[in-house]
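Sequence lines, in order, name chains R and S.
Taking this note's numbering, I'd label the letters of the first sequence as residues 581 to 691.
Taking this note's numbering, I'd label the letters of the second sequence as residues 20 to 135.
Worth flagging that the hints you see were computed from the coordinates, not collected in a lab.
Careful: at least some of the hints might be erroneous.
[As the list claims (entries may be wrong)] No farther apart than 25 Å at their CA atoms in a straight line, the calculated lysine to any residue pairs in the SDA-like style are these: (1) S:K60 - S:S91; (2) R:K683 - R:A633; (3) S:K60 - R:A667; (4) R:K650 - S:K55; (5) S:K55 - R:T583; (6) R:K653 - S:K41; (7) R:K683 - S:K59; (8) R:K653 - S:V123.
These figures come from a predicted structure and were not determined experimentally.
Listed here are the chains, written in short residue letters.
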Amino acid sequence: AQTVTQSQPEMSVQEAETVTLSCTYDTSESDYYLFWYKQPPSRQMILVIRQEAYKQQNATENRFSVNFQKAAKSFSLKISDSQLGDAAMYFCAWGSEKLVFGKGTKLTVNP
Amino acid sequence: ETGVTQTPRHLVMGMTNKKSLKCEQHLGHNAMYWYKQSAKKPLELMFVYNFKEQTENNSVPSRFSPECPNSSHLFLHLHTLQPEDSALYLCASSQARGTSGANVLTFGAGSRLTVL
Chain R
581 AQTVTQSQPE MSVQEAETVT LSCTYDTSES DYYLFWYKQP PSRQMILVIR
631 QEAYKQQNAT ENRFSVNFQK AAKSFSLKIS DSQLGDAAMY FCAWGSEKLV
681 FGKGTKLTVN P
Chain S
20 ETGVTQTPRH LVMGMTNKKS LKCEQHLGHN AMYWYKQSAK KPLELMFVYN
70 FKEQTENNSV PSRFSPECPN SSHLFLHLHT LQPEDSALYL CASSQARGTS
120 GANVLTFGAG SRLTVL
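Next comes chain S alone, as it looks inside the complex (with noise of 0.2 Å):
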């Protein structure tokens, strides 16, 4: 079982739903990531937090939104989405923005998200 565990594994919602989904990391980490992977294009980083600050939101729309109550926890609200925002959204942490080993990411499995 990986060191970082996100839930649901699968969510289909409807464009008027609110979900959120959840990531959990037990590697002593204080940078978490959420990154949005779509068929035959490359990763897309859309938020970043180090110790529970948010540091990047790479342009993402306001229908997402991040949470990170703690340096453990990450989670990202859903509301009014696009059938475009289906996609697989993998969580990601690593050690603290500014270290070494802050480019060494563990990913969890991913939220396979349909939008209907």
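With the rest of the complex left out, here is chain R (with noise of 0.2 Å):
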């Protein structure tokens, strides 16, 4: 089964500090994305980063990083000088067209 695991159900950062959120997918799929969204408390998901399978080189949008380890199956997102606003559910998801989605990481921004 495709699955998409994420093993802190939740995390706490001090502003201004970095924090690393984990992830790791089962597939046996060779083309296919990585995805990471952000639900704040108004419940709107947000994607934050995507990045396809096939492409060495980790996403990257501004404060937000990924460190994509294909063979390992993990993709963890990194929050740079992390800030109020950051504080969120972020899910991982893992897919080509169909999405699967892990439980989801609570992170707390601490000023």
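Please dock the two separately framed chains into a single complex, following the hints provided.
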């Protein structure tokens, strides 16, 4: 079965510090995409970053970057210079057309 | 404001009621989705529509009935629900299935459903 595992139900970080959220997935496919979505208290899921599996280079979007290890099936999200507005649930997802989501990690940012 | 709008934001209904959730997107997308989000569980894909045609139904009970009259609107009709159906129902849209943008989902803010 294709699954996505986020092993950290909750994480906390001090404002301006760096935090890394973990994600592993299981698939036998070779061509797929990986995603991190953010869901703040407003409930709207927002795409943070997308990685194409065939690309070696790790995706980066401003303060957000990923560490993609295809052989290990690992896709962690690093948030640098954390801000109060980064507090949210973060969901990792895998797929090509149909996405499979993890259970999420709740990130708290402490002032 | 999001390009995907869901109404109502909150809904409380009894098990014998009939209600509907509405989703509207202004992004020019041709695929629309319903997801169920329950506490401490991964998002569950319920239905997929591509150019108004249903392309996926993930074994969803018949008490949930989707309707997609056009590529911009998606409804979820609810009847004789159970308390375990209480959840956040998220609508999403994307470019048409089979295109490179099909997996980039834009979500609405969800409809929080409580079944008494």
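Holds or violated: are the alpha carbons of K683 of chain R and A633 of chain R at most 25 Å from each other? holds (21 Å)
Are the Cα positions of K683 of chain R and K59 of chain S separated by 25 Å at most? holds (6 Å)
For a C-alpha distance cap of 25 Å, please report whether K653 of chain R and V123 of chain S respect it. Holds, because 21 Å separates the two Cα atoms, which is no more than 25 Å.
K60 of chain S paired with A667 of chain R [C-alpha distance capped at 25 Å]: holds (20 Å)
Hey, K650 of chain R versus K55 of chain S, does the alpha-carbon distance stay inside 25 Å? Given pair K650 of chain R, K55 of chain S is violated - Cα atoms ~29 Å apart, limit 25 Å.
Can the restraint linking K55 of chain S and T583 of chain R be considered satisfied, given a maximum Cα separation of 25 Å? holds (17 Å)
Hinted pair K653 of chain R and K41 of chain S, Cα distance within 25 Å: Violated, at about 37 Å.
Hint consistency between K60 of chain S and S91 of chain S [alpha-carbon to alpha-carbon, up to 25 Å]: Judged against 25 Å, a Cα distance of about 28 Å means the pair is violated.
Comparing the model with each numbered hint stated earlier shows that hints 1, 4, 6 do not hold.
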